[in-house]
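Residue numbers (our numbering), protein chains in the order written: chain A, 142 to 287; chain B, -11 to 121.
What the hints contain is simulated information worked out from the structure, not anything from laboratory work.
Treat the hints with care, since some could be wrong.
[What the hints assert, rightly or not] Here are the in silico distance ranges between beta carbons for each label pair:
#: 1; chain 1: A; residue 1: ALA226; chain 2: B; residue 2: GLY65; range: 39 to 49 Å
#: 2; chain 1: A; residue 1: VAL190; chain 2: B; residue 2: GLY65; range: 14 to 24 Å
#: 3; chain 1: A; residue 1: ALA225; chain 2: B; residue 2: SER1; range: 34 to 44 Å
#: 4; chain 1: B; residue 1: HIS3; chain 2: A; residue 2: VAL252; range: 18 to 28 Å
#: 5; chain 1: A; residue 1: ALA255; chain 2: B; residue 2: ARG8; range: 36 to 46 Å
#: 6; chain 1: A; residue 1: ASP207; chain 2: B; residue 2: GLY86; range: 24 to 34 Å
#: 7; chain 1: A; residue 1: VAL187; chain 2: B; residue 2: ILE11; range: 20 to 30 Å
Note that beta-carbon positions come from the ideal geometry of N, C-alpha and C, so glycine has one too.
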Amino acid sequence: MSNIGTAGAPDRAPQEDFRTPLKRARGLGSGKTGTGHWWWQRVTAVLLVLLVPWLVGLLVSLVGVDFEAARHIVARPWNAIPLAAFVIAAFWHAKLGMQVVIEDYVHTRWVEVALQLLVTFLCVIAALASLYALGRIAMTVASFNA
Amino acid sequence: MATRERAQTRPLSPHLQVYRWQITMTMSILHRVSGVALTVGALGLAWWLLALAAGGDQYAHAAALIASPVGLVLLFGFSLSLVYHLLNGLRHLMWDMGWGYDIPEIYRSGWAVAVLTVVFTVAIWFAAFGSHA
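Could you put together the complete structure from these sequences and hints?
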């Protein structure tokens, strides 16, 4: 995760604390999440390696298809369920990646925190909205089928 | 404190201004750029799904926007970013398993990703629109 709560305030006056930054950081553990960020970035990456080629095939098959037919194709369980898995994995992976980009390039503290919150909220809301849309498509298409 | 001021003004690594161009640095920065682009693209996919859920008029509106010149340019950028990030991501996963770490192998896999990105992106657009053109 981000470096919120880094050991020892960096702007502390030197006469208050003569320890080196390393000495202040030692013994505090891993910043609480350890390898979690790295690991989940890889887990979602492997999932996306499997799902992206399938998604590209699905989207290509939808070119030039009208509204009703597109709904029927997306509503099929073997399309709707992998699509749901894709949006979860994709927005999770996006959040983890954007977090690192922001940590690396945005050095004004309040801007960085604001951007991290914005990215997190956007990814969560977009994932939930996608799942809502998929659910609505999957559950309303049956009536067109009849 | 003098040392602190110096610490803030001295140039930081990786000293990009003194490096000659290498494919590795280009692939690395493009991985980030394509990742940011794909985040925006994923928001576009969510918007498209919502339009498909909302109804025929909304879907027709979304489809018309995608088929507009600006929409097609964005869609092309999305497909290019997707193929590149997927292929270069496989390169990263390969490195995570300890494979392909020698410099000649890293250069070779980098060029392979660059060439395959173009090939696959063209193939996708041909599959999507080749028969309609």
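Looking back at the hints listed earlier, which ones does the structure fail to meet?
1, 6
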